[in-house]
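S.K.: Letter by letter, the chains look like this.
Number of protein chains: 2
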Amino acid sequence: MVIPKRSVFFISDGTGITAETLGLSLLAHFDGVAFRQVRLPFIDSREKAQEALARIDMAEAEDGQRAILMLTLVSTEIRAMFEGCGALTLDLFGTFTSQIAAELSLQPAAFIGMSRRTANNEYRERIEAINYTLAHDDGITDSGLQDADVILVGVSRSGKTPTSLYLAMHFGIRVANYPIIPEDLERMELPGRLREYRNKLFGLSIEPERLSLIRNERLPNSQYAALDNCRKEIQLARQLMRSEDIHWLDSTSRSVEEIAAMILQQMNLKAALMPYGSA
Amino acid sequence: MVIPKRSVFFISDGTGITAETLGLSLLAHFDGVAFRQVRLPFIDSREKAQEALARIDMAEAEDGQRAILMLTLVSTEIRAMFEGCGALTLDLFGTFTSQIAAELSLQPAAFIGMSRRTANNEYRERIEAINYTLAHDDGITDSGLQDADVILVGVSRSGKTPTSLYLAMHFGIRVANYPIIPEDLERMELPGRLREYRNKLFGLSIEPERLSLIRNERLPNSQYAALDNCRKEIQLARQLMRSEDIHWLDSTSRSVEEIAAMILQQMNLKAALMPYGSA
Numbered sequence: 478m479v480i481p482k483r484s485v486f487f488i489s490d491g492t493g494i495t496a497e498t499l500g501l502s503l504l505a506h507f508d509g510v511a512f513r514q515v516r517l518p519f520i521d522s523r524e525k526a527q528e529a530l531a532r533i534d535m536a537e538a539e540d541g542q543r544a545i546l547m548l549t550l551v552s553t554e555i556r557a558m559f560e561g562c563g564a565l566t567l568d569l570f571g572t573f574t575s576q577i578a579a580e581l582s583l584q585p586a587a588f589i590g591m592s593r594r595t596a597n598n599e600y601r602e603r604i605e606a607i608n609y610t611l612a613h614d615d616g617i618t619d620s621g622l623q624d625a626d627v628i629l630v631g632v633s634r635s636g637k638t639p640t641s642l643y644l645a646m647h648f649g650i651r652v653a654n655y656p657i658i659p660e661d662l663e664r665m666e667l668p669g670r671l672r673e674y675r676n677k678l679f680g681l682s683i684e685p686e687r688l689s690l691i692r693n694e695r696l697p698n699s700q701y702a703a704l705d706n707c708r709k710e711i712q713l714a715r716q717l718m719r720s721e722d723i724h725w726l727d728s729t730s731r732s733v734e735e736i737a738a739m740i741l742q743q744m745n746l747k748a749a750l751m752p753y754g755s756a
Numbered sequence: 478m479v480i481p482k483r484s485v486f487f488i489s490d491g492t493g494i495t496a497e498t499l500g501l502s503l504l505a506h507f508d509g510v511a512f513r514q515v516r517l518p519f520i521d522s523r524e525k526a527q528e529a530l531a532r533i534d535m536a537e538a539e540d541g542q543r544a545i546l547m548l549t550l551v552s553t554e555i556r557a558m559f560e561g562c563g564a565l566t567l568d569l570f571g572t573f574t575s576q577i578a579a580e581l582s583l584q585p586a587a588f589i590g591m592s593r594r595t596a597n598n599e600y601r602e603r604i605e606a607i608n609y610t611l612a613h614d615d616g617i618t619d620s621g622l623q624d625a626d627v628i629l630v631g632v633s634r635s636g637k638t639p640t641s642l643y644l645a646m647h648f649g650i651r652v653a654n655y656p657i658i659p660e661d662l663e664r665m666e667l668p669g670r671l672r673e674y675r676n677k678l679f680g681l682s683i684e685p686e687r688l689s690l691i692r693n694e695r696l697p698n699s700q701y702a703a704l705d706n707c708r709k710e711i712q713l714a715r716q717l718m719r720s721e722d723i724h725w726l727d728s729t730s731r732s733v734e735e736i737a738a739m740i741l742q743q744m745n746l747k748a749a750l751m752p753y754g755s756a
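In order, the protein sequence lines correspond to chains G and A. Just remember that this note's numbering sits 477 ahead of the position in the first sequence, which is counted from 1. Just remember that this note's numbering sits 477 ahead of the position in the second sequence, which is counted from 1.
It is possible that some hints are incorrect.
[Stated by the list, open to error] These stretches of chain G come out as covered by chain A in the derived footprint (C-beta under 8 Å, 3 or more residues):
id, segment
1, 487–496
2, 566–572
3, 579–586
No wet-lab data here; the hints were simulated from the structure. All residues carry an ideal CB built from backbone N, CA and C; glycine is no exception.
Assemble the whole structure, with the sequences as input and the hints as a guide.
M.R.: What follows is the structure in structure tokens.
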């Protein structure tokens, strides 16, 4: 059976990241089509729109099918150029801004300044959160823990670092993370001064089979990666978290985004997603 | 003048991050309203939907206005519960999946498995890219540079680290980054073995005034942060990048997302956004 090809273009006068984020979620609803995805960012002039239209034409000729365009364009003039080109055009902004405008009895702004969003405090807090989180990765230091919003704990390779960075980058949350090492498990005690910050602690666990797989990629055939050892570490780590009354979740089949959203929810942190600098 | 309040709920059976990402872009079109934003993730049962509806009721009573709901819900049953509640309901998925379904002559899937997206290679590549990028932050090591997709260079505090992490986290790009330090500028030579990887190099510059501000937050009243010194470093760094024929951009009033998207575009990297583990 031949799987039909279909080109999908995410077209934006900004980064195109918003269009691509929603677009990927939409395409995930459909099996049986080979989507070829192209992001066309910074389409902010008639000339760039013309070039984009030429690329779309070529893709349609190759596919033998019209393309699907997902637009986050503020300019009505440039939007009209794509809407008239014969492709299926999904206007991700206009579809909803007109409904919101009617609801609020307001006109949507025709131009969204970029700099107004990077000069603000939210953006600086976010960069500060990234710096804080990097400086407190993997138990590097015990100092400054009073400034952490969350302190993640878990055995080596349970997903602490990517989760910490995601929380910092997207929600401006300051995260410290600490490995629970075999010595901690022997003593059945949390590392360093973590008990002083009990209300900030959150645990990550993982299925031993998956942990063994991940550790084997790093240190093949080591005691560190052996399934038996992973089983033992995980069992003791869960026991330690229970005895210290630390909430934890299993990272095994969850994406970084899911883990981050669950931590925010369970710790009752009100962090809002940081606005993107540009759509 | 009293600014009217309006509650906006991002409601999802997944993380709610897609809804919030598009939602913030939509709300940015409107000035003059104080939006109160609430993310309600993991609404995947009738019970959780009921709880959410109770929160919406309370917010509407407080605002004296109906709420705006932005939904990324796969279940038609749960979606219907919100659509019948009297709030302005924007169905971010269904609005477009029905158009795409008609175009493709396919039915949208009613359930999007989460694990299918974290078990795949893309997800593992992304985690590997984060690990690579952390291990090659700030010129920590010269080894493994042949595996980098991009090597960022720039003076201290020009935005290299957040940009590197964003490229890794969202696009699965392996990034190494190198500070250009005063010693490099005196010799007018790139640090380490970077010349061997000229085709991977990309530069970040920044306006001296902004750089001085950022450095002053880190080391107040230092020579490092002095405006004169920043001016000199920036001028020499630009001279060095020109003489080494390195493409660069100015990070001053650009968000991390914008810088990342511009680097991908200018280096002609075809990286697609990594699909989120869940909407």
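S.K.: Quick check: the segment 579–586 of chain G, covered by chain A? Criterion 3+ residues, Cβ under 8 Å.
M.R.: With 5 residues in contact (Cβ-Cβ under 8 Å with chain A), the coverage given for the segment 579–586 of chain G holds.
S.K.: For the segment 566–572 of chain G, count the residues whose Cβ lies under 8 Å from any Cβ of chain A; is that count three or more?
M.R.: holds (count 4)
S.K.: Counting residues of the segment 487–496 of chain G with a beta carbon closer than 8 Å to any beta carbon of chain A, are there 3 or more?
M.R.: n = 5 at 8 Å, threshold three: holds.
Of the numbered hints listed earlier, not one is contradicted by the structure.
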